[in-house]
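**Student:** From first to last, the protein sequence lines stand for chains A, B and C. The opening residue of the first sequence carries number 1 in UniProt numbering; numbering runs sequentially from there. The opening residue of the second sequence carries number 1 in UniProt numbering; numbering runs sequentially from there. The opening residue of the third sequence carries number 1 in UniProt numbering; numbering runs sequentially from there.
Hints listed in this document are in silico derivations from the structure and should not be mistaken for laboratory results. Among these hints, one or two may not hold up.
Said to hold, decoys possible - Listed next, the in silico EDC-like pairs over lysine to aspartate or glutamate satisfying Cα-Cα at most 16 Å (straight line): (1) B:101 - C:92; (2) B:276 - C:74; (3) B:112 - C:92; (4) A:58 - B:193.
A quick note: this is a predicted structure, and the numbers were derived from the prediction, not measured.
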Amino acid sequence: MKSSLNMASILINAIKRLHLSPQIRLCSLNSAAVTTTTANKTINILKKEWEFPPLYTKPREVWIENLDTVEEKKLGLIELHPMVYAAPPRIDIIHSNVIWQRKYRWVSWAHTKTRAEVRGGGKKPWPQKGLGRARHGSIRSPLFRGGGVAHGPRSGKSHFFMLPFHLRLHGLTTTLSAKLAQDDLHIVKDLELPTDESQYLVDLIENRNWGPAVLIIDDTDYAPRNITAATDNLLHVNIMPVYGLNVYSMLKHDTLVLTQAAAEKIEEKLLYHLHSDNRERMKKFKIDQV
Amino acid sequence: MGSRQITEKSLSMLRSLPRITLANIRDNPGSKITQKRGRGQHGGDKHGAGNKGSGQRQNYMRLGYETGNNPFYLRIPHENYYRGHHLKREYPPMTLLELQKLIDRNRVDISKPIDIASLIKSGLYTLNPDQKHFGVNLTDDGADIFAAKINIEVQWASEQVIAAIEKNGGVITTAYYDPHSLFILKNPQRFFETGQAIPRRMIPPPDAIEFYTSAATRGYLADPEKISQERLKLSQKYGYTLPNLESDPQYDMLTDRKDPRQIFFGLQPGWVINLKDECILKPKDEELLQFYSM
Amino acid sequence: MATVLRTHSAFARLLVGKNGRILNNSLDLGAKLLPESQLALSSKHYSSYGKSPFVRKIKEQYNYEIEKNPPEWEYVKRLLPFTTIPKIIPKDSYPSGWVPPKEEALNHPYFLSRTKNAELPIYLKITYRGMRKISIIRKIEGDIWLLNDEIKQYLKQKNKRYVETRVHEVARLIETKGDYVNDLREWALSKGF
Numbered sequence: 001m002k003s004s005l006n007m008a009s010i011l012i013n014a015i016k017r018l019h020l021s022p023q024i025r026l027c028s029l030n031s032a033a034v035t036t037t038t039a040n041k042t043i044n045i046l047k048k049e050w051e052f053p054p055l056y057t058k059p060r061e062v063w064i065e066n067l068d069t070v071e072e073k074k075l076g077l078i079e080l081h082p083m084v085y086a087a088p089p090r091i092d093i094i095h096s097n098v099i100w101q102r103k104y105r106w107v108s109w110a111h112t113k114t115r116a117e118v119r120g121g122g123k124k125p126w127p128q129k130g131l132g133r134a135r136h137g138s139i140r141s142p143l144f145r146g147g148g149v150a151h152g153p154r155s156g157k158s159h160f161f162m163l164p165f166h167l168r169l170h171g172l173t174t175t176l177s178a179k180l181a182q183d184d185l186h187i188v189k190d191l192e193l194p195t196d197e198s199q200y201l202v203d204l205i206e207n208r209n210w211g212p213a214v215l216i217i218d219d220t221d222y223a224p225r226n227i228t229a230a231t232d233n234l235l236h237v238n239i240m241p242v243y244g245l246n247v248y249s250m251l252k253h254d255t256l257v258l259t260q261a262a263a264e265k266i267e268e269k270l271l272y273h274l275h276s277d278n279r280e281r282m283k284k285f286k287i288d289q290v
Numbered sequence: 001m002g003s004r005q006i007t008e009k010s011l012s013m014l015r016s017l018p019r020i021t022l023a024n025i026r027d028n029p030g031s032k033i034t035q036k037r038g039r040g041q042h043g044g045d046k047h048g049a050g051n052k053g054s055g056q057r058q059n060y061m062r063l064g065y066e067t068g069n070n071p072f073y074l075r076i077p078h079e080n081y082y083r084g085h086h087l088k089r090e091y092p093p094m095t096l097l098e099l100q101k102l103i104d105r106n107r108v109d110i111s112k113p114i115d116i117a118s119l120i121k122s123g124l125y126t127l128n129p130d131q132k133h134f135g136v137n138l139t140d141d142g143a144d145i146f147a148a149k150i151n152i153e154v155q156w157a158s159e160q161v162i163a164a165i166e167k168n169g170g171v172i173t174t175a176y177y178d179p180h181s182l183f184i185l186k187n188p189q190r191f192f193e194t195g196q197a198i199p200r201r202m203i204p205p206p207d208a209i210e211f212y213t214s215a216a217t218r219g220y221l222a223d224p225e226k227i228s229q230e231r232l233k234l235s236q237k238y239g240y241t242l243p244n245l246e247s248d249p250q251y252d253m254l255t256d257r258k259d260p261r262q263i264f265f266g267l268q269p270g271w272v273i274n275l276k277d278e279c280i281l282k283p284k285d286e287e288l289l290q291f292y293s294m
Numbered sequence: 001m002a003t004v005l006r007t008h009s010a011f012a013r014l015l016v017g018k019n020g021r022i023l024n025n026s027l028d029l030g031a032k033l034l035p036e037s038q039l040a041l042s043s044k045h046y047s048s049y050g051k052s053p054f055v056r057k058i059k060e061q062y063n064y065e066i067e068k069n070p071p072e073w074e075y076v077k078r079l080l081p082f083t084t085i086p087k088i089i090p091k092d093s094y095p096s097g098w099v100p101p102k103e104e105a106l107n108h109p110y111f112l113s114r115t116k117n118a119e120l121p122i123y124l125k126i127t128y129r130g131m132r133k134i135s136i137i138r139k140i141e142g143d144i145w146l147l148n149d150e151i152k153q154y155l156k157q158k159n160k161r162y163v164e165t166r167v168h169e170v171a172r173l174i175e176t177k178g179d180y181v182n183d184l185r186e187w188a189l190s191k192g193f
């Protein structure tokens, strides 16, 4: 692993020495210097000029893959910002996000009847005194079999709460970073498939050793026709727009597939929030706020 | 990847660990403290609340009530100093050092005139007009280090502050804003989104007119002739040579002032700002023009 | 926004006159109030509710012009809030005493990143009514244990006493027992952070 990393750093340095235009660099690399790859292979590396460039941690370089063949083809490399895609993995923040996502939409409908709601029990069962029995006022008191329940669950109980803004923000960066570190995040050029057969997608997932459950994220609201049709019958392969990205779904699916545009949009949005004044968003959440 | 680089190390550790799923995440150990029943000798006691009464039931007496005694807040004779305290105008302070910090960190643009809107926009000064805050009081902390040429409009300033700003070739004005105008200045975007016309600024209340018409305090209603006299006077008092405004390359910026009825620089009362279509609705009706020019 | 509504009511009062009635929640606040349209607003008494006229929608509008791309738009843009916190343009001197981070800070095996307000992430936490003071260094990257050793050494040398520290690897922070904020800031600035 260490040797491969060294190799990667040699590769990066070689690219950096080329001094090409900052926006999009297309650099052809003679792989004679790199022993493992085949001769005269070209790699497209997408370098970016961020408004807030990373200082200490180096940007992550991720392969851009294709979807139009079952076999994986590497179309190039993309640089991703380490504040979003290489954040420290905080399992506790992921956990709090998952708990929040489970709870904020949960309304508990568990319900029990109180002594007033159970049928009957209006009459005093026996006189207060003189029988040698314990005093009771109703046969539906919580002490009786078949009586009401004291402090039981009452239906329509909301478990809604709002997680603090920065926990939600770092939940996304942490999960994306953890997914990338575990090789569960893949970036594809686009979502164009040659067929609309589900089997094609199943083969592709099998061939590339992606986990069975795959979450595909695109930056548009409408995915291309073929992939929509192919995933329609596959319950474990789902498509989502960028604004639907959330921690729970990322963890529920084994593999996260982002289109290149989606990856950049996520990066842009999260970097914006990481570098702006969020005091309005950090205020206490009110349900009736406009 | 150094083994002691914490972020890189933890990310590389994740590579060889099982996939993070919904089933194997947990909170940090010890982060949740569950309430436990007390045990031992005093476990079932009163839990520190004492026996019976308001202590146990936590219905404490109202603040200042002394169980029937003449309470402290009524026992003390009236302090005249506090007469009408609920009517007094407050000016939350900002020091010259803080202003210099904003300038150094590009939070305010000194190539444009600075007013209360740009100070609040910097995000490092807060104002609550509903709590009787009537604007910024620029104080003289850091007057000796202050080194920026600015055109600033504040609501209150002392002589030292005026001297510190004019020494650097700047211009200071003290101007009054009524609470309605301050609400609008605090968040202009929200006001523009309501689609209402920019109102007029009100004239100062009677007890503030003296301050805002005085040339010594650089009031916005003072005679400009007198202000230039006062500028010279102050420079002689504090012993600095007054930079010449007329020969300054930034003369236009430094002499930019608001109209006494104006709230924003460059925007007239009566205009409606449409942020969505980026256009301005200007009234042409004689009746409205007359109303807003009053 | 209560004040805004009040400014409006002041405006309406001027047009309606002393005795005219101002409708609450009127959608036609910007509409012109002509004598015939004021009919609906005046406080006239009718014999019954059924005989009173409907409040008509007031049609007359004030005359105004719409100016697209006006030269004054520059003044509007100046008032809109910052999208992100503005970047600091390098200057010759900073009279306020703020020190910019230096290039050589990247050469250490550890790194302290500035906050988004470009301040050092060193804080003092006072608890137990001022009885416990803890200085916290946050946003540490790189070798946190080496940084811990170095600040421990530095504080010991400077204050001539052992200083207790605690490293939180997960949250990437170091807590120092006692108020050493100024010393730590001095140390961080000397390293160029």
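**Student:** All hints are to be evaluated individually against the structure, with a verdict given for each.
**Tutor:** These are the hints, each one checked on the structure:
At most 16 Å may separate the alpha-carbon atoms for a hinted pair to count; residue 101 of chain B and residue 92 of chain C meet this at roughly 15 Å. Among the hinted pairs, residue 276 of chain B with residue 74 of chain C is consistent with the structure: their alpha-carbon atoms are about 15 Å apart, no more than 16 Å. Distance restraint check for residue 112 of chain B and residue 92 of chain C: the Cα-Cα separation of roughly 21 Å exceeds the 16 Å cut-off, and the hinted pair is therefore not satisfied. Our distance criterion of 16 Å between C-alpha atoms is broken by residue 58 of chain A and residue 193 of chain B, whose separation comes to about 42 Å.
Hint violations for this structure: numbers 3 and 4, all remaining hints satisfied.
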